[in-house]
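Enquirer: These are the residues of each chain, in order.
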Amino acid sequence: MSKYIDLSIKEIHELLKEKKITPTILVNECFERIEKSDLNAFITLDKEGALKRVSELEKMEVPDDLLFGIPIAIKDNIMVKDMKCTCASRMLDNFVSIYDAGCIDLVKNHNMIIIGKTNMDEFAMGSTSETSYYGAPHNPWNKDKVTGGSSGGSAASVSGGLVPLALGSDTGGSVRQPSSFTGIVGMKPTYGRVSRYGLVAFASSLDQIGPMTRNVYENALLLNGISALDNRDLTSFATNEDFTRKIGESIKNFKVAIPSYFISDIVDSEIKNKVMDIKKLLEDNGVLVDIVDIKHIDKTVTLYQIIAMGEASSNLARFDGVRYGYSYDEPSSLDDLYSKTRRFGFGNEVKRRIMVGSYLLSGENAKIYYNKALEIRDDLQKNFFKVFDKYDLIIGPTTARCAYNLGENGDNPLKSFMDDILVMHANMGGFPSLSMPVGFNHEHLPIGLQIIGNLRDEATIYQLASFIEKNIDEDFGGVRNEL
Amino acid sequence: MSYKKTIGIEVHCELKTKEKIFSPSLNNYGSMANMNANVIDFGYPGTLPLLNKEVLEYAIRACKVLNLKITRDMHFDRKNYFYADNPKNFQITQNETPIGREGYVEIEINGEKKKIEILEMHIEEDTCKSVHSEKNSLLDFNRAGVPLIEIVTKPCMHSEEEAVKYLEKLRELLLYADVSDCKIEEGSMRCDTNVSISKTEEFGTKIEVKNIGSISNVGEAIKFEAKRQEEILEKGDVLHEETRRFDDKKRETILMRVKETGNDYRYFPEPDIPFVHLTDEFINNSLSSLKRMPDERRIDYEKSGILPINIEKIIANKEISDYLEKFLDCNLVIASNLLLGDISAYLNKNNKKIEETMLEDKKFRELVLKLDKGDITNKIFKEILDDLMETDKSIDKILDEKGLNLVNDDNLIDSIIDKVISENEKIVNDYKSGNTRSAKALMGLVMKEGKGKINPSIANTKLMEKLDA
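If you read the protein sequences in the order shown, they are chains A and B.
The opening residue of the first sequence carries number 2 in our numbering; numbering runs sequentially from there.
The opening residue of the second sequence carries number 4 in our numbering; numbering runs sequentially from there.
These are computed hints drawn from the structure, not numbers from a lab.
Watch out, some of these pointers could steer you wrong.
To be verified - Simulated pairs of lysine-lysine, DSSO-like, Cα-Cα distance not exceeding 30 Å:
#, chain 1, residue 1, chain 2, residue 2
1, B, Lys138, A, Lys368
2, A, Lys341, B, Lys262
3, A, Lys341, B, Lys138
4, B, Lys366, A, Lys352
5, B, Lys385, B, Lys443
6, B, Lys209, A, Lys368
In this text, all values refer to a predicted model and were calculated from it rather than measured experimentally.
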C-alpha cells in the first residue's frame with residue numbers, strides 16, 4: 002500500500018503539482034486505512050462523495066494552495082450539506098444537514114476533501130468521547146485507552162494516520178485535551194476566529210472550532226484555511242493574516258509565564274517534569290520563564306459548569322421532536338412528545354447537564370450563579386490580560402494526567418470535568434490555546450504541552466510551538482509508522 | 004362606596020421592516036405559508052441569529068413618538084419556554100435592557116389632557132402562527148422571527164374610556180411613525196389588558212385578558228371584567244390571579260388558565276448577539292425620516308379652517324394626510340376637499356394610489372390654485388378629473404381641448420350681468436332692502452346664464468359693484 006498521506010502537506014502538494022500523484026490516490030489511501038482500522042473514529046463516511054469530488058479536482062490545474070486535494074475529517078457537530086450530522090446522539094441519528102457550516106464553505110473553497118464525520122461525545126459533552134451513541138473511539142497509542150474528548154474521533158483519525166487533517170470543536174478543552182491524549186497538535190483559536198455558523202451549539206459563549214493536525218506548521222496552515230469573517234456569526238472577526246508567518250523566527254528574549262497552579266499537585270509528576278524540561282529548553286535558548294500566580298485560576302471548573310450548562314440547557318431545548326431529528330412515536334400530548342422525545346433521544350450525560358443548567362438559570366438562581374459566574378469570568382480574563390502585559394505567552398501542561406483506560410471514569414460526571422481543569426481558562430477568556438505533544442509517560446502515552454496566547458495572537462503561539470517541536474527528539478508519528 | 008378600576012395595557016406591534024429581526028427572510032404578511040422562512044427561522048441546529056439594524060431604527064422612532072428614554076447600551080435575552088410555536092424553545096427578547104423606558108402618551112378625556120405613563124418598550128421576535136384543526140396543528144413559520152415591540156403601561160388607567168383613548172392614540176402614533184401598520188385583524192397589533200378593582204388605595208387582584216380582537220372590544224372587555232369581579236367580591240368570594248380571553252360572540256371574558264406562582268423563564272443574556280451601543284449618529288439617522296405627528300398636523304388643519312369632522316377624516320387616512328404635508332402652503336380647505344371627495348372616489352374606483360396616477364405634485368398644486376382663484380369651477384374640475392389622473396397633459400391644455408376655459412371677457416360678463424339684473428327686478432329689490440342672501444341667488448343666475456363658463460370671481464366682483472352702485 003502506498004503511504005503518500007503520511008508525507009507532509011508540502012510534500013504532497015509538490016507531488017500533486019508534478020502530477021506524480023492524484024487526489025484520488027490520497028482519498029483511496031484514507032479509505033483503505035479507515036476500513037482496516039478499529040479505532041471507531043468515524044460515525045459517517047462519504048467515500049462516494051469524496052471520490053466524486055476528487056474526480057472533479059483532477060480536471061483542474063493544481064493551484065498554489067497547499068490545502069488543495071488534502072483529505073480532512075470533520076467532527077460530527079459541524080454541518081456538511083447532504084451529510085448526516087448526528088452529534089453522536091440518538092436525537093440526530095438520521096439527521097441530514099441541508100446547509101454547510103461557515104468553515105465548511107472555506108474547506109470546500111480550498112478544495113480539501115471531506116472524508117467523513119468523526120465520533121465525539123454526545124453533543125460534545127464529555128472528555129473521553131465515551132458518551133457517544135455510537136460507542137467510544139480508541140486511542141491509537143493504546144486501544145484500551147480513551148482518546149479524550151469531546152473531539153475524540155477527530156483526534157484518533159489524525160493520530161492514527163487515517164487523515165492528515167481534522168476539525169474539532171472546543172468548548173472547555175475538547176480540541177486540546179484529546180490532542181494531548183493522542184499526541185497531535187490541536188488549536189482552540191481566539192473566540193470568533195472561526196465562524197460558529199453551522200456548529201451545533203453547546204455553550205455559545207465558549208464554543209470555537211479548531212484545527213487538529215500532525216504538526217505545528219500544518220495546524221497554522223489549516224487555521225489559515227478555515228478562518229475568515231462570516232456575516233452569519235455576529236461574534237466572528239477576521240485579521241487577514243498568515244498564521245505561519247512567524248514560524249522559524251527566533252524566540253530569543255521571549256517572556257513566558259507558567260501559572261503556579263499549572264504545576265501544582267493536581268498535575269501528574271511525569272507531566273510536570275516534562276513541562277519543567279521545556280522550561281529549561283526555553284531558558285537555554287534565551288527565553289525568560291517565570292512562575293506566576295493568577296487569581297481565580299482554580300475556579301474555572303465551577304465557572305465552566307455554570308456557564309456551559311446554563312447555555313447548553315437553552316441551546317439544546319430545540320431538540321423536541323417537533324421539527325427534526327428523533328421524535329417519539331405515539332405521544333399522548335405535546336408535553337408527552339417533549340418529555341419522551343428528550344428522555345429517549347438524549348443520553349445520560351446530556352440530560353444531566355440540561356437538568357443542572359436549567360436549575361442554575363431557574364428563578365433567583367440566574368442571579369446567584371449565572372450572573373455571578375459571568376462577573377468572575379470577566380475578572381479571570383482581566384487577570385490573564387495582566388499576565389499578557391508582561392509576558393508573550395503562558396505555558397503549562399494540557400492535561401493533569403495522560404490517557405487512561407476506557408470505562409475508568411464510569412458514570413462519575415465530576416471526573417470528566419477534572420480532565421479539562423487546565424484548558425478551560427482559554428475558553429473563559431476567549432484566548433487562543435494550543436496543545437502539542439512534548440513527550441511520553443512510562444506507558445508510552447503522549448504528554449501534551451499547552452501554550453496560551455493573548456487574544457488574536459495565534460501567530461506567536463505557533464512561533465514558540467514550532468521551536469519546541471523542532472527541539473524535541475521524540476517521534477510522535479510513531480503510531481502511524483506501524484500502518 | 005364604589006370600586007375603583009385599575010387598568011394596565013400591554014400591546015404587541017409587528018414592525019413592518021423589510022426583513023425579519025434575526026434572519027434575512029422576508030417579513031411579509033399574506034405570503035403562502037412557510038414561504039418566508041429559512042434555517043434560522045426553523046431553529047435549525049447550528050444556526051445563529053443576525054440582527055437587523057432596521058428593527059433598531061424602527062424601535063428608536065417608536066421610542067421618540069412615545070416619549071420614551073432610549074437605552075443606549077442594551078442587549079438581548081433568552082426567554083426559555085417550551086411550546087410548539089416557539090422554534091428554538093426560547094424567544095429572543097429584551098428582559099434587562101428594554102430599548103425604551105419611562106415614556107407617556109397624552110390623551111384627552113372629557114376635555115382634559117391626561118398622560119398615560121408607559122413603563123417600558125422592548126424588542127422581541129414573534130412566534131410561528133399555529134393553525135389548529137381537530138386532527139392536528141399546523142405551523143406557519145412566516146411569522147416566526149417577525150420583529151415585535153411590546154409596549155407596557157403602568158397600571159395608571161381607571162376607565163374603559165381611558166383605555167380605548169390610549170389605544171387609539173397609540174395606534175395613531177405608531178402608524179404615523181411608520182413603524183407598524185397596526186392592523187389588529189391581521190395580528191400586527193395585539194392588545195392584552197390587566198384589570199383589577201379595589202375600594203382602597205391598594206390594588207385588587209390582577210386579572211389578565213388576552214388577545215382582544217379590536218380596540219372597542221378592549222373597552223367592552225374591561226367593562227365586563229370589572230362588573231364580573233365586582234359581583235364576585237360582593238358575594239363575598241375571593242378573586243385569584245388568572246388569564247382570561249374575550250369572547251367576541253358572547254361578549255364576555257372566559258377563563259383560559261389560572262396563574263401559577265412565578266413563571267420561570269430562565270432568562271439570561273443572549274450570547275450569540277453582541278451587546279448593542281446606540282450612538283447619537285445612529286439615533287439621529289433613525290429619526291431623520293420621522294414625519295410630523297397627527298397632533299401637530301391637526302393644528303395646521305384647524306388654522307386653515309378645515310371642518311373638525313374633515314380633520315379627523317384626514318388623520319384617519321394617513322395616505323391623504325402624508326400627501327397634504329407637501330401642500331401646506333396651499334389652500335388646505337380646497338386641497339383636502341379634493342382629496343377626501345372626488346380624488347378619493349376616483350382612487351377607490353380605480354383601485355389606485357395617488358402616486359400611481361398622472362396627478363403630479365405640480366399639477367395638484369396648480370389645480371388647488373386655480374380653484375382658489377376661481378380660474379376653474381368645481382363643475383369644470385369634475386369634468387377634467389379623469390384627464391388629470393390619466394394623462395400627462397397640463398391643466399390648461401385639457402381645458403383648451405375641452406373648450407372649458409373660463410371666459411374673462413369684461414364686455415361679455417357685463418352684458419350677462421346686466422341681463423340678469425334687468426330680468427330679476429324683484430330679487431334685486433330684495434337685496435337692496437337688506438336681504439344679502441339675494442346676492443347669492445343672483446350670482447347663481449349669472450353663472451347659469453354664462454353656462455358655467457364665465458370666471459365666477461370676476462363675475463362676482465362685477466355683480467356686487469353693480470348692485471351696490
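Enquirer: Which hint numbers does the structure go against, in order from smallest to largest?
Expert: 1, 4
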